[in-house]
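K.L.:
Below, each chain spelled out in residue letters.
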Amino acid sequence: MAITGETTIHLNNVSVYYSNKLAVKDVTLPIRKQKITAFIGPSGCGKSTVLRCLNRMNDLVQGARVDGEIIYRDQNLYARNVDPVEVRRRIGMVFQKPNPFPKSIYDNVAYGPRLLGVTRKNQLDEIVERSLRGAALWDEVAGDLKKSGLALSGGQQQRLCIARSIAVEPDVILMDEPCSALDPIATQRIEQLMREELKDYTIVIVTHNMQQAQRASDYTAFYSIRKEAESGGVERRWGVLVEFAETEKLFNSPESGETADYIAGRFG
Amino acid sequence: MSAAESPKKDAFKERLVQRQARGRLWSRLFFASNAFALLTLILLALTIINGAFGYVAVQFRVDPDTLSDRPLETLSEAELGDVLVANAAGRMRVIIRDNFSQVPNDVFTTTPLPAALNVFIPTAWQTLTINELNEEQLLSIITNNLSQEQMYDVVLNNIVQPNVVASWQFFYSLFNRAAIEAEMASEYPAAELIFRSWVTPRFISSPLATEAADTGLRTALLGTLWVIAICVLFSFPLGVGAAIYLEEYADDSFINRLIETNIRNLAGVPSIIYGLLGLTVFVRFLVTITSGQFVGVQSDTGRTILSAGLTLGLLILPVIIINAQEAIRAVPYSIREASYGLGATKWQTTWRQVLPAALPGILTGFILALSRAIGETAPLIVIGGASFISFDPSGPFSRFTVVPLQIYNWTKVPDIEFRNVAAAAIIVLMSLLLIMNSAAIILRNRFSKKLAG
Chain A
1 MAITGETTIH
11 LNNVSVYYSN
21 KLAVKDVTLP
31 IRKQKITAFI
41 GPSGCGKSTV
51 LRCLNRMNDL
61 VQGARVDGEI
71 IYRDQNLYAR
81 NVDPVEVRRR
91 IGMVFQKPNP
101 FPKSIYDNVA
111 YGPRLLGVTR
121 KNQLDEIVER
131 SLRGAALWDE
141 VAGDLKKSGL
151 ALSGGQQQRL
161 CIARSIAVEP
171 DVILMDEPCS
181 ALDPIATQRI
191 EQLMREELKD
201 YTIVIVTHNM
211 QQAQRASDYT
221 AFYSIRKEAE
231 SGGVERRWGV
241 LVEFAETEKL
251 FNSPESGETA
261 DYIAGRFG
Chain B
1001 MSAAESPKKD
1011 AFKERLVQRQ
1021 ARGRLWSRLF
1031 FASNAFALLT
1041 LILLALTIIN
1051 GAFGYVAVQF
1061 RVDPDTLSDR
1071 PLETLSEAEL
1081 GDVLVANAAG
1091 RMRVIIRDNF
1101 SQVPNDVFTT
1111 TPLPAALNVF
1121 IPTAWQTLTI
1131 NELNEEQLLS
1141 IITNNLSQEQ
1151 MYDVVLNNIV
1161 QPNVVASWQF
1171 FYSLFNRAAI
1181 EAEMASEYPA
1191 AELIFRSWVT
1201 PRFISSPLAT
1211 EAADTGLRTA
1221 LLGTLWVIAI
1231 CVLFSFPLGV
1241 GAAIYLEEYA
1251 DDSFINRLIE
1261 TNIRNLAGVP
1271 SIIYGLLGLT
1281 VFVRFLVTIT
1291 SGQFVGVQSD
1301 TGRTILSAGL
1311 TLGLLILPVI
1321 IINAQEAIRA
1331 VPYSIREASY
1341 GLGATKWQTT
1351 WRQVLPAALP
1361 GILTGFILAL
1371 SRAIGETAPL
1381 IVIGGASFIS
1391 FDPSGPFSRF
1401 TVVPLQIYNW
1411 TKVPDIEFRN
1421 VAAAAIIVLM
1431 SLLLIMNSAA
1441 IILRNRFSKK
1451 LAG
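Protein chains in written order, with our numbering: chain A, 1 to 268; chain B, 1001 to 1453.
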């Protein structure tokens, strides 16, 4: 793979187990600095699982175990001396369903900085404005920061969640199907946001929408499912990384036949 | 085609009528159960009203009409003072002692006035004792320091001395006036018939007394407030803390499941058993703490407000825990996830997101549990709530009585007027409950509104 550029995160032979059942096997993958990497693939291929390893959100699932290395700034994220709280502060996350806190817009954005101990009012004001501008939401809500975050529209809520995550100035933003609950116009807005306001961030996005991957990402990783019949007629399934390439190359001249079939809509 | 379809359509229509009839039947049944509940509530209210109002036959030692040509309650302080001097001059020292004394009764007459009384004394009398004052001076102490209302009470209690000799319930009073008058004429010819409400400001503000007509509820009301305060301070933090641990921290182990099952079972244990527990643990075993000896209180009984509050706290703890658990569980997981995703620790997530979001639910459960505690009688009888004390509780280490305990005691007394008193006390208790519940609901709604925006 002739891919150039600086790497922010490197996954080395990462396998994930849930209660000792293999979910994803042997993923090796670089995440490029200040680029957008898309994870695509059929349901159950483990793309979200891999994403959630990148900021150790899988730690919250009982019985989850991760093998292999995830190297971020020369440090294995799963090394024993690494605190997941520290990891998540540097590698932020935006979820599938917009999930603002049941608080005001201001308090939503200020939540992260407050966790870190910022208490001065004018400093918080500054962070809130910068973050809301960064998520292209400032002009719509500037007059009414006391309004509840839940009173916004779905697309605005998702941009609020983005503002909330960039308020702690992370290196990397993970997005788990951020547009799947939004209408096409709101989706377009988020894609534009990723391209423009968030262009200095390293972004990893999981998407079901291949056009979105094609439009928005610089690199694409295609995951698929492997099956194996077990004794007693039970089928064992796990996810694998099939192909990783520049987005244009992956969609126009995929190396693997499975990739070609998937992007042509022949399965998945 | 349409001919073939029509019988099928009729069958459908017939079924539809049937289906809708079934729906109507059920909705009527559900309405009936609501109507039944409403009926019960009305009956309950009527029973209480029946006891709390009605005619009483009052016999006076001195007929108030002979004391003045105007009704007594309209007289001024000075006029009431004149009545007092004319009819009970000899009792004025006793009246002063009962109202203003701050020394023991046996030294009252020998102590100089400024030390004996807790009111302003003119400089000229500084060295005098009570026995050295003349009638006019005694009267001036009374009229200077009592309001018109208090003067009226003094005249009533010392001269008129009304005595309730018979009472009738509300509905009987309403419909059988003639029979009551006949009974009055034959049995209490000297008495006067008065329509009386047993719930009065005086009833709420006076201490307990042995006479039905004089007794008040203040002692028991203060007892209830003290006990509930202790109960809240003890059970709320403990219950919510336990719920947080079980929901947010405890893993799904055998021991934790055992604990949860036990809490659920404890919620169904009869309250009298909690009374026995309180008697053994708080009253007997922890007597040095519950009597207040450990902070230097001179007392050796554990039958105190503290014991009662802790016992009621234990009683409602399981209900609080279960309700708080439900409320915490109802907070969407996505909120926790978002918080963790921003680099919050478990405690930060719980304290800043989960608890505020769960608080309305936690409060609702807590209000229900507390309402139960306010009305509890059985465990307090077991741990020894006093049946009669005339002094107000002064702190967590006082002996106590509470409103439901008084209601229970009053309904036991053979003297029939006490049933009226009990009904009046029930009205006060219900109002207290209503006030507390409304306050809590307003508080809760404020929280919910802030959250929902």
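Keep in mind the hints are simulated off the structure, nothing from the lab. One or more of the hints may lead you astray.
[Stated by the list, open to error] Partner residues are not named here, just some residues of chain B that face chain A (Cβ under 10 Å, in silico):
| # | residue |
| --- | --- |
| 1 | 1249 |
| 2 | 1252 |
| 3 | 1255 |
| 4 | 1330 |
| 5 | 1332 |
| 6 | 1336 |
| 7 | 1338 |
| 8 | 1346 |
| 9 | 1348 |
| 10 | 1352 |
| 11 | 1357 |
| 12 | 1439 |
[Claimed, not checked] Pair by pair, the computed Cβ-Cβ distance ranges are:
| # | chain 1 | residue 1 | chain 2 | residue 2 | range |
| --- | --- | --- | --- | --- | --- |
| 13 | B | 1430 | A | 151 | 38 to 46 Å |
| 14 | B | 1174 | A | 146 | 52 to 60 Å |
| 15 | A | 144 | B | 1255 | 30 to 38 Å |
| 16 | A | 144 | B | 1280 | 53 to 61 Å |
| 17 | A | 192 | B | 1233 | 40 to 48 Å |
[Claimed, not checked] Okay, derived cross-link-like pairs now, DSS-like style, lysine-lysine, Cα gap no bigger than 30 Å in a straight line:
| # | chain 1 | residue 1 | chain 2 | residue 2 |
| --- | --- | --- | --- | --- |
| 18 | A | 121 | A | 146 |
| 19 | B | 1346 | A | 147 |
| 20 | A | 199 | A | 121 |
| 21 | A | 249 | A | 227 |
| 22 | A | 227 | A | 199 |
| 23 | A | 249 | A | 33 |
| 24 | A | 97 | A | 21 |
| 25 | A | 146 | A | 227 |
| 26 | A | 121 | A | 249 |
| 27 | A | 121 | B | 1346 |
| 28 | A | 33 | A | 199 |
| 29 | B | 1346 | A | 146 |
| 30 | B | 1346 | A | 97 |
| 31 | A | 21 | B | 1346 |
In this text the structure is predicted, and so the values were computed from the model without any measurement. Idealized CB from N, CA, C, for every residue including glycine.
K.L.:
Could you run down the list of hints and mark each one as holding or not?
P.N.:
For each hint, the structure was consulted:
| no. | hint | in the structure |
| --- | --- | --- |
| 1 | 1249 | 13 Å, violated |
| 2 | 1252 | 7 Å, holds |
| 3 | 1255 | 16 Å, violated |
| 4 | 1330 | 12 Å, violated |
| 5 | 1332 | 8 Å, holds |
| 6 | 1336 | 8 Å, holds |
| 7 | 1338 | 5 Å, holds |
| 8 | 1346 | 9 Å, holds |
| 9 | 1348 | 6 Å, holds |
| 10 | 1352 | 7 Å, holds |
| 11 | 1357 | 6 Å, holds |
| 12 | 1439 | 23 Å, violated |
| 13 | B/1430 <-> A/151: 38 to 46 Å | 40 Å, holds |
| 14 | B/1174 <-> A/146: 52 to 60 Å | 57 Å, holds |
| 15 | A/144 <-> B/1255: 30 to 38 Å | 50 Å, violated |
| 16 | A/144 <-> B/1280: 53 to 61 Å | 59 Å, holds |
| 17 | A/192 <-> B/1233: 40 to 48 Å | 55 Å, violated |
| 18 | A/121 <-> A/146 | 15 Å, holds |
| 19 | B/1346 <-> A/147 | 27 Å, holds |
| 20 | A/199 <-> A/121 | 28 Å, holds |
| 21 | A/249 <-> A/227 | 28 Å, holds |
| 22 | A/227 <-> A/199 | 38 Å, violated |
| 23 | A/249 <-> A/33 | 19 Å, holds |
| 24 | A/97 <-> A/21 | 27 Å, holds |
| 25 | A/146 <-> A/227 | 51 Å, violated |
| 26 | A/121 <-> A/249 | 49 Å, violated |
| 27 | A/121 <-> B/1346 | 25 Å, holds |
| 28 | A/33 <-> A/199 | 10 Å, holds |
| 29 | B/1346 <-> A/146 | 26 Å, holds |
| 30 | B/1346 <-> A/97 | 22 Å, holds |
| 31 | A/21 <-> B/1346 | 27 Å, holds |
The structure fails hints 1, 3, 4, 12, 15, 17, 22, 25 and 26 (numbered hints given earlier, in ascending order).
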